[in-house]
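If you're matching them up, the sequences are chains A, B and C in order. Mapped onto the working numbering, the consecutive letters of the first sequence carry residue numbers 1 to 404. Mapped onto the working numbering, the consecutive letters of the second sequence carry residue numbers 1001 to 1229. Mapped onto the working numbering, the consecutive letters of the third sequence carry residue numbers 2001 to 2271.
Some hints could be false.
[Claimed, not checked] Which stretches of chain A does chain C cover? Using the computed rule of at least three CB atoms under 8 Å from a CB of chain C, they are:
no. : region
1   : 51-65
2   : 104-115
3   : 367-379
Because the hints were derived from the structure by calculation, they are not lab data. Note that beta-carbon positions come from the ideal geometry of N, C-alpha and C, so glycine has one too.
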Amino acid sequence: MKRYLFSIVFAVFAVGGIAVSYIYSAIDHLPKYRLAAVQGNPEEGRAVELLGSYYGSVYSYALNVNEIGSSYSQYTQTNFRHNILNTRPWFFRYSDIRQLVKEHRPFMRNRSNSNGFYSDEERLIYADTARTYNEASKSTITILSISILDKATKQTREYELNIEEPHNILLRDVQFTDDRIHLLMSVYPSDRMSSDSIYHYAVGLSDGELKSVEKLEQLALNSDDEHIYRAYAIADSTSSAPNDFVIFLQYEEKITSVNGVDSYRSERISERFYAYSYRTGELSALPIKSGDRGVGSLDGNVFAYAVKQDEEIMLSSYDLNTGVLNEAAITASDMGATEIGNSMSIANNRLYVLITKDRVPMAAVVDIHNGELLYAGEAVYVGPDSEAEYRMGRLHLLNLKVKE
Amino acid sequence: MIEVVDIHKRYLRKKVLSGVSFTAEKGQITCLIGINGAGKSTILKAIMGLIPLNSGSIRIDGEQTGKAVYEKAAFVADHLTMPLAMKLSEGFQFMEEFYESWDSERACELMQFFKLDPKERIGNLSKGNAAKYSLLLGLSQDTEYVLMDEPFSGIDMFSKELITEVFASELMGERGVLLTTHEIHDMEYLIDKAVLLQDGVVRKSFNCEDMRSSEGKSVTDVMREVYQP
Amino acid sequence: MNRYLKLVHMEIYRFRYILGGLMALTAVFQISALVSTLLRELSRRELLGENASGSPLSFAWAVASTNFWFIIPMLICIAVIAMYVFWIWYRDWVGRSSFIYRLLMLPTSRRHIYLAKGTAILLFILSLLSFQMVLLLVENMIFNLIVPAELRVESFFAEIIQSNLALKVLVPQSFEQFFYAYGLGMLAVFVIFTAIMLERCYRGIGILYGILYVGACVLVVTSPVLFLGLDESIYYFYPGEILAIASALCGIVLVISLLLGFRLLGRKITV
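Go ahead and model the full structure; you've got the sequences and the hints to work with.
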């Protein structure tokens, strides 16, 4: 046995050395933080995640902080298994799509457009566009394909429509009312200064025939040399949920400087919201006072909007059916903070906002209807108190995210 | 008994063995004779499982060759088969580690007999000493059969004498020995059975003693008959 | 099992000088680069009077500043091991002595030879990694000796690793990833071993077989990326399914390489 001592020690060193290193790295980890509740219901804080980085001695390290703890996403989560399982994040990040995959696995296969779903108790509809080159007419045409799954019988029906004009048309939203499948489509403008052209296509559910095409003219204002008008759709935040409405944001930008032919700088001057009803085809302006760079979200019949103005957040929520408008304002001190950050999000009928108190990053959750503070939490250092100040000083959290 | 039955071996285009059959008994020294390239080494390597055959079979004591053959038969190649960086004594250690049939006492005896230095590196041995060492490794395995490929080729006269002494001694005793050579002169009086190879087949195989007494021919005589008719 | 371990010991033992040389080389390169960088920085600060006001030095900074000299010996080690993946076999055929005769005549299953060489390669790789970790520890101590306490600040283990471009990759932060990365590496070693078996069994045309075999294995293992849309261009399979397929393909390539290698070494090999 003595003869083999060399190899035994060698093998133990080889395996043990690496094992000890990994154990050590688990012990000597980068600083940990947590989102701790300061006010209100801690349950509300579950959905919040603050993003930013920790400034080390040489480099900075990106991390997320939530109520469970912190994770340095760049490192601890990067492994092959994780990368494979998180492929196509733009599709699978939506909880409703994940749920649909669970319930209707075969139908959901090979779907790529996360905007293309509509789901209610009876049916699941998916639509998408694809471009092909038509030899005969020597032009690109768009094929709109629609698949309908009857949830009770599990049967699927497929329709296909050719759209010759306009070219480059894309699908933005799918809805269904009164035996009609409503498809909201948009076309990128031919030049950067103009706005998207927005169309409403209606297709019959039972026969797959195109019933009507409407261009929403009011949204297509022409830009000129000094002003640019743009419009885009804000669909229901749960994109597959039934909704009779879609909201449009139209904003005006003033050109502040032009560098060359195609590049320019601009400033957003104003925003205006419109509600479009798929059922009636009516486009109506919403009585919402908007600033610039706010966040808006449609949830069922309620459109909620929040915009930061000076040191205040103006909240509006408008019921599209009843026409009732609620407005509220909330200040930094209402939320227990000294400053309002630049990251807000509306989800689940709540406003989630990044705030700071004396340079400590915090998060607040506010009821969208009445502006009531439901939760406020601050980032705290998990570790010995003697280091807390130093470690907090090196933490920079600049963004807020709501977990799906 | 080593039984070789109708073995064929082809290297790319060239057919080296075209149906060779012979036997080698225990307690006898059998010699495969043929010119260079006649396939003698090939036969030995095939018996030891070092090269695959195209067809035919080889049995040792009635069993198909498998990994058990390595405790039954020892092979002494015509070149060194131990790492050159090893010392002679380390070579022994290696053999002892792996072979149950290794007899270390005999190994030391032979080492002294051949006057080899255990602390020498294998790579530094002269040709003669290297041959002695290879033979030593083969004979110190307490196997029933010993196969040797050209044991005398390129060896100086004195080393040959020493090796021949070992052959004649009781070290060989009840073992079956199968060796190859293309120069019969040194060995003629030692061998019991001769197998003459030409063009990939066995031309003649006979017991030397019988041939001498019944027909009065030496092995060289028979060789002349067969190879130069 | 016993004989397999003895063969592993033999393989380790015969490589010990080269391994020792690689480790010594790495130590010399890294420690001298570290010391010279530190002394240079300290004297620069002294000269410019920055000692009182400058930001403190950390070992992670030292590693970041010596990237070039740290990585050179690592690359040499990688190159030597990569070549030894081939040489560990060919050395037994080439030269005045053919140790392969002895190996093939051992009264043990021939697959033990194959596995012992594979195990040895894995242990060499791990030992170099472990040595590098120990060396970092020693270098950290040297850093603490050279830089006075007022001028320095502690570094986290993760910071130290991230500061070196090669270590970032060789010592992944996630232990799970370590398994995947080095598992794939060993898969590659076994594929190469079997390709070498093909070459040694079929000589002339064997090289072609070997190359084709390696090509086929690479194709199979990368097919999830090429064909299943792991690069996000094809949407038929769900992520969980792609993971299962990718794992299964790797498993298949491993099993086939091992079984084919065993079979070739056992029955078709020729000296």
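Here is how each hint holds up against the structure:
1. 51-65: Held - the region 51-65 of chain A has 5 residues with a Cβ nearer than 8 Å to chain C, which meets the minimum of three.
2. 104-115: holds (count 5)
3. 367-379: Per the Cβ count (0), the hint is violated.
The structure fails hint 3 only (numbered hints given earlier).
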